[in-house]
Amino acid sequence: GENVEQHPSTLSVQEGDSAVIKCTYSDSASNYFPWYKQELGKRPQLIIDIRSNVGEKKDQRIAVTLNKTAKHFSLHITETQPEDSAVYFCAASGKEYGNKLVFGAGTILRVKS
Amino acid sequence: EAGVAQSPRYKIIEKRQSVAFWCNPISGHATLYWYQQILGQGPKLLIQFQNNGVVDDSQLPKDRFSAERLKGVDSTLKIQPAKLEDSAVYLCASSLGLGGYEQYFGPGTRLTVT
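Protein chains in written order, with this note's numbering: chain G, 3 to 115; chain S, 1454 to 1567.
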């Protein structure tokens, strides 16, 4: 089945700096890659997603890049703010396994002001 | 638009007892998911329904866990008997359909087994 690895497990940045979180996946048939943000004690919320027919997608300060050949995708947050502090999860899914989402282990992002 | 509803929000039980969780998905969402999220880990899919049929339950411990989605709307997840390692947050999510649709999560039920 699909396996998703996520790095780093924790990331501390100064306010205003950029943050990058990387994920690799094992199933070359995966075609949908969402990123979720989860604040302490709250539900995961989708912040951005990308499909396998696109290499990059941006939404204001957030961007995701996908390298299908290398089977990895990354989340980029620019001009980080204290409210960006949360746990970020990447995930992957594809038709091969019933389109179920397989999540990475998560990255704790701390933005220091 | 109302979000995914779950109840209860918190539950404390002793091992070997049984417990049930309820989920009401967003209206019109055909696909419903139950996830288990252990502290410090990402959500793990337990079972996935498309309308009232099971699409994937490969990671559901069927000797103790069961789930149903009668009439293709609300769903219940049951654990009987509970073990200490079942302590986790149980998240319900729904989406319009299979394959690349955004999944909307409910607030979760935090289960503590003592």
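Simulated from the structure, these hints should not be mistaken for laboratory data. Any given hint could turn out to be false.
[Claimed, not checked] Calculated pairs, DSSO-like style, for lysine-lysine (alpha carbon to alpha carbon, straight line, at most 27 Å):
#: 1; chain 1: S; residue 1: Lys1524; chain 2: G; residue 2: Lys70
#: 2; chain 1: G; residue 1: Lys70; chain 2: G; residue 2: Lys39
#: 3; chain 1: G; residue 1: Lys97; chain 2: S; residue 2: Lys1464
#: 4; chain 1: S; residue 1: Lys1536; chain 2: G; residue 2: Lys44
#: 5; chain 1: G; residue 1: Lys70; chain 2: S; residue 2: Lys1515
#: 6; chain 1: G; residue 1: Lys70; chain 2: G; residue 2: Lys44
#: 7; chain 1: G; residue 1: Lys97; chain 2: S; residue 2: Lys1515
#: 8; chain 1: G; residue 1: Lys44; chain 2: S; residue 2: Lys1531
#: 9; chain 1: G; residue 1: Lys24; chain 2: G; residue 2: Lys44
#: 10; chain 1: G; residue 1: Lys59; chain 2: G; residue 2: Lys73
#: 11; chain 1: S; residue 1: Lys1497; chain 2: G; residue 2: Lys39
#: 12; chain 1: G; residue 1: Lys73; chain 2: S; residue 2: Lys1468
#: 13; chain 1: S; residue 1: Lys1464; chain 2: G; residue 2: Lys39
#: 14; chain 1: G; residue 1: Lys97; chain 2: G; residue 2: Lys114
#: 15; chain 1: S; residue 1: Lys1515; chain 2: S; residue 2: Lys1468
#: 16; chain 1: G; residue 1: Lys97; chain 2: S; residue 2: Lys1524
#: 17; chain 1: S; residue 1: Lys1497; chain 2: S; residue 2: Lys1524
#: 18; chain 1: G; residue 1: Lys60; chain 2: G; residue 2: Lys44
#: 19; chain 1: S; residue 1: Lys1515; chain 2: S; residue 2: Lys1497
#: 20; chain 1: G; residue 1: Lys97; chain 2: G; residue 2: Lys59
#: 21; chain 1: S; residue 1: Lys1468; chain 2: S; residue 2: Lys1497
#: 22; chain 1: G; residue 1: Lys44; chain 2: S; residue 2: Lys1468
#: 23; chain 1: G; residue 1: Lys114; chain 2: G; residue 2: Lys44
#: 24; chain 1: G; residue 1: Lys24; chain 2: G; residue 2: Lys59
#: 25; chain 1: G; residue 1: Lys39; chain 2: G; residue 2: Lys59
#: 26; chain 1: S; residue 1: Lys1464; chain 2: S; residue 2: Lys1531
#: 27; chain 1: G; residue 1: Lys59; chain 2: S; residue 2: Lys1468
#: 28; chain 1: S; residue 1: Lys1531; chain 2: S; residue 2: Lys1497
#: 29; chain 1: S; residue 1: Lys1524; chain 2: S; residue 2: Lys1468
#: 30; chain 1: S; residue 1: Lys1531; chain 2: S; residue 2: Lys1515
#: 31; chain 1: G; residue 1: Lys24; chain 2: G; residue 2: Lys97
#: 32; chain 1: S; residue 1: Lys1524; chain 2: G; residue 2: Lys24
#: 33; chain 1: S; residue 1: Lys1536; chain 2: S; residue 2: Lys1515
Cross-check of the supplied hints:
1. A threshold of 27 Å between alpha carbons decides the hint, and for lysine 1524(S) with lysine 70(G) the separation of about 39 Å lies outside it, so the pair is violated.
2. With a C-alpha separation of about 23 Å, the suggested pair lysine 70(G) and lysine 39(G) falls inside the 27 Å cut-off, and the hint holds.
3. Our distance criterion of 27 Å between C-alpha atoms is broken by lysine 97(G) and lysine 1464(S), whose separation comes to about 35 Å.
4. Only pairs whose Cα atoms come within 27 Å are accepted, and lysine 1536(S) paired with lysine 44(G) is accepted, the gap being roughly 24 Å.
5. Between the alpha carbons of lysine 70(G) and lysine 1515(S) the distance comes to roughly 35 Å, so the proposed pair goes past 27 Å and is violated.
6. Note on lysine 70(G) and lysine 44(G): the hinted pairing is violated, with a Cα-Cα distance of about 32 Å set against a maximum of 27 Å.
7. Our distance criterion of 27 Å between C-alpha atoms is met by lysine 97(G) and lysine 1515(S), whose separation comes to about 24 Å.
8. Proposed proximity of lysine 44(G) and lysine 1531(S) is supported: the alpha carbons are some 22 Å apart, at most 27 Å.
9. For the hint pairing lysine 24(G) with lysine 44(G), the CA-to-CA distance comes to about 23 Å; that is within 27 Å, so the pair holds.
10. At roughly 16 Å between alpha-carbon atoms, lysine 59(G) and lysine 73(G) fall within 27 Å of each other, so this suggested pair holds.
11. Restraint check: the Cα-Cα separation between lysine 1497(S) and lysine 39(G) comes to about 16 Å, which is no more than 27 Å; the hinted pair holds.
12. As the CA atoms of lysine 73(G) and lysine 1468(S) are separated by approximately 42 Å, the hinted pair breaks the 27 Å bound.
13. About 25 Å separates the Cα atoms of lysine 1464(S) and lysine 39(G), which keeps this hinted pair within 27 Å; it holds.
14. Of the supplied pair hints, the one linking lysine 97(G) and lysine 114(G) is violated, its CA atoms being roughly 40 Å apart against a limit of 27 Å.
15. Note on lysine 1515(S) and lysine 1468(S): the hinted pairing holds, with a Cα-Cα distance of about 17 Å set against a maximum of 27 Å.
16. Taken as a hint, the lysine 97(G) and lysine 1524(S) pair is honoured in the structure, with Cα atoms around 25 Å apart against an allowance of 27 Å.
17. In summary, the hint linking lysine 1497(S) to lysine 1524(S) is supported, as the alpha carbons are separated by about 25 Å, within the 27 Å threshold.
18. With a C-alpha separation of about 25 Å, the suggested pairing of lysine 60(G) with lysine 44(G) holds against the 27 Å cut-off.
19. Distance hint between lysine 1515(S) and lysine 1497(S) is fulfilled; the C-alpha atoms sit about 15 Å from each other, no more than 27 Å.
20. For the given pair, lysine 97(G) sits about 22 Å from lysine 59(G) by alpha-carbon distance, which is consistent with the 27 Å threshold.
21. Under the criterion of a C-alpha separation no larger than 27 Å, the hint pairing lysine 1468(S) with lysine 1497(S) is consistent with the structure, at around 22 Å.
22. A distance of roughly 26 Å separates the Cα atoms of lysine 44(G) and lysine 1468(S); the hinted pair therefore holds under the 27 Å criterion.
23. Restraint check for lysine 114(G) and lysine 44(G): satisfied, since their Cα atoms lie roughly 21 Å apart, inside the 27 Å limit.
24. Of the supplied pair hints, the one linking lysine 24(G) and lysine 59(G) holds, its CA atoms being roughly 15 Å apart against a limit of 27 Å.
25. For the hint linking lysine 39(G) to lysine 59(G), the alpha-carbon distance of about 17 Å falls within 27 Å, and the restraint holds.
26. Straight-line distance between C-alpha atoms of lysine 1464(S) and lysine 1531(S) comes to about 13 Å, which keeps the hinted pair within the 27 Å bound.
27. Distance restraint check for lysine 59(G) and lysine 1468(S): the Cα-Cα separation of roughly 47 Å exceeds the 27 Å cut-off, and the hinted pair is therefore not satisfied.
28. In summary, the hint linking lysine 1531(S) to lysine 1497(S) is supported, as the alpha carbons are separated by about 16 Å, within the 27 Å threshold.
29. The suggested pairing of lysine 1524(S) with lysine 1468(S) is violated, with an alpha-carbon distance near 31 Å, which exceeds 27 Å.
30. Of the supplied pair hints, the one linking lysine 1531(S) and lysine 1515(S) holds, its CA atoms being roughly 10 Å apart against a limit of 27 Å.
31. For the hint linking lysine 24(G) to lysine 97(G), the alpha-carbon distance of about 23 Å falls within 27 Å, and the restraint holds.
32. For the proposed pair lysine 1524(S) and lysine 24(G), the alpha carbon gap of about 40 Å is over 27 Å, so the pair is violated.
33. With a CA separation close to 14 Å, the supplied pair lysine 1536(S) and lysine 1515(S) stays within the 27 Å bound.
In this structure, the hints that do not hold are numbers 1, 3, 5, 6, 12, 14, 27, 29 and 32, in rising order.
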